[in-house]
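There are 2 protein chains.
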Amino acid sequence: MSNPPLKRTDRSRVKRLPKRGHYDFDAVAAILDAGFLCHIGYVIDGAPLVTPTAYWREGRRVYWHGSHASRMLNIQAAGAPVCLTVAHVDGFVMARSAFHHSINYRSVMLFGSANAIGDADEKLAALKGFVERMYPRRWETLRPVNRKELRATTVLWMDIDEGSAKMRSGPPVDDEPDYALPVWAGVVPVRMVADRPTNDPRLSPGIEVPRGLGDLRHLGLARK
Amino acid sequence: MSNPPLKRTDRSRVKRLPKRGHYDFDAVAAILDAGFLCHIGYVIDGAPLVTPTAYWREGRRVYWHGSHASRMLNIQAAGAPVCLTVAHVDGFVMARSAFHHSINYRSVMLFGSANAIGDADEKLAALKGFVERMYPRRWETLRPVNRKELRATTVLWMDIDEGSAKMRSGPPVDDEPDYALPVWAGVVPVRMVADRPTNDPRLSPGIEVPRGLGDLRHLGLARK
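Sequence order for the protein chains is A and B. When the letters of the first sequence are read in order and numbered with our numbering, they come out as residues 596 to 819. When the letters of the second sequence are read in order and numbered with our numbering, they come out as residues 596 to 819.
Careful: at least some of the hints might be erroneous.
Which copy is meant is left open, so a pair is good if it fits within one copy or across any two.
[Unchecked claim] Listed next, the in silico DSBU-like pairs over lysine-lysine satisfying Cα-Cα at most 35 angstroms (straight line):
1) K761 / K743
2) K743 / K718
3) K723 / K602
4) K614 / K718
5) K723 / K761
6) K718 / K610
7) K610 / K743
8) K718 / K761
9) K610 / K723
10) K614 / K743
11) K723 / K614
12) K602 / K718
13) K761 / K610
14) K614 / K602
15) K743 / K723
The hints are simulated quantities; they were obtained by calculation from the structure and are not laboratory data.
Modelling step: build the complete structure from the supplied sequences, incorporating the hints.
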């Protein structure tokens, strides 16, 4: 069974440069799965706030978490509308005129409202999913989460239902007469890389960096 | 004369982990100057939207731009409240318990409302500032901006006045008893790098990549 596409609504339809817009679920999921940092917008007293935070995806839901005391999470858990945006920069696009300079990117905007996980077991399972997503096979090695920590943590989720992906790739597109100009044009590709892990200064003697730990390709990072 | 700090208001004061909050202008400017991509939040019909876009700073103002036809920019140019957030991820902080895992980062949130540049000469000067900020010494090599392009472009600015910086650095902070556990802990540093520029397939023969073009350290990117 294929995944139904995302809902196109007045706010989710890509209006500027609509050919860059995509609504199929797999395209959206691929962009979400290529990163870990989103920016969540919400409204307090009519004014917007944008908070960067980590997210993860399971099926048709996107999750994020934080402190039980967080004003942001409490407002969101109460059902306020949110916008969750993810953007990956892939390159600087340099044209022969200033006007046609651009950026290659993959982005997703999701709209909806959040739900807090109330059940403790379900919350623990979600947090395990988060850690395993970030650091595969790490969860079982850690000191287990205790009840106090679980109570102090809020986990929110939102359906991946209304939204869109937007992306640009490839070389610059110049005005036709400008191609003859003696100006260098092209793309400077950029990407995030992980460097060699650094030990905690208080690491007990004899503990080695786990094999593959610095390999964060599953989070969209290349090894240096 | 030193730069006055940013205004601490109810929304700009860092409430979660307040020791991570900073309000001095130079700290905010340093984070802004170490990047090029922000996420701007605004409100339509009571609901938030978060759009990733390029920004640049001049003195105590932050600028962004886009199409004259952009709904986002038109709403913002009309004086709607905005939140401009910049976040740089520096590393994954891996502790001995799931709870104390974290991310090292530097972020800025700015609040206010935008102003559109009306005067054509002033707009052109701002766009030159943007291109020179992104690609030093490139502006003079490009086909000049024409009147149609200038009319089609909206440039907005906002005072760097109300907001804050927030950052975390350093190793994990574990619960004291957990330091004895046989679990690897430390930091996996991450950073953005620029790869070798790729020529536009339609580049005229004999045009070389300008010296230093792939060096985007001024945008916070390391050379591979």
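What label fits K718 with K610 when the C-alpha limit is 35 angstroms: within, between, both, or neither? between (37 angstroms within a copy, 24 angstroms between copies)
| said: Within a copy, between copies, both or neither: which one fits K610 and K723 at a CA-CA cutoff of 35 angstroms? | reply: between (38 angstroms within a copy, 27 angstroms between copies)
| field | Alpha-carbon proximity context of K743 and K723, limit 35 angstroms | value | within (16 angstroms within a copy, 54 angstroms between copies)
| From the Cα coordinates, with 35 angstroms as the cut-off, is the pair K723 and K614 best called within, between, both, or neither? | Close across copies (28 angstroms), not inside one copy (38 angstroms); limit 35 angstroms.
>> Regarding K614 and K602, is the shortest C-alpha distance of 35 angstroms or less found within a copy, between copies, in both, or in neither?
In response: within (17 angstroms within a copy, 42 angstroms between copies)
At most 35 angstroms between alpha carbons: which applies to K610 and K743, within, between, both or neither? between (46 angstroms within a copy, 21 angstroms between copies)
Within, between, both or neither: how does the pair K718, K761 come out at a Cα-Cα threshold of 35 angstroms?
both (32 angstroms within a copy, 27 angstroms between copies)
Status of K718 relative to K743 across identical chains (alpha carbons, at most 35 angstroms):
Only inside one copy: K743 and K718 sit 13 angstroms apart there, 55 angstroms across copies, limit 35 angstroms.
>> My question is about K723 and K761: at a cut-off of 35 angstroms on alpha-carbon distance, are they close within one copy, between copies, both, or neither?
In response: Result: close both inside a copy and across copies, 30 angstroms intra and 27 angstroms inter.
| said: Checking an output row: K761 and K610, CA cutoff 35 angstroms. Within, between, both or neither? | reply: both (11 angstroms within a copy, 33 angstroms between copies)
Copy assignment of K761 with K743, given that the CA separation must stay at most 35 angstroms: This pair counts as between: shortest inter-copy Cα distance 26 angstroms, intra-copy 41 angstroms.
**Item:** Alpha-carbon proximity between K723 and K602, which holds within one copy, between copies, both or neither at 35 angstroms
**Value:** Cα proximity of K723 and K602: one copy only (30 angstroms, versus 39 angstroms across).
The structure is consistent with each of the numbered hints, conforming to all of them.
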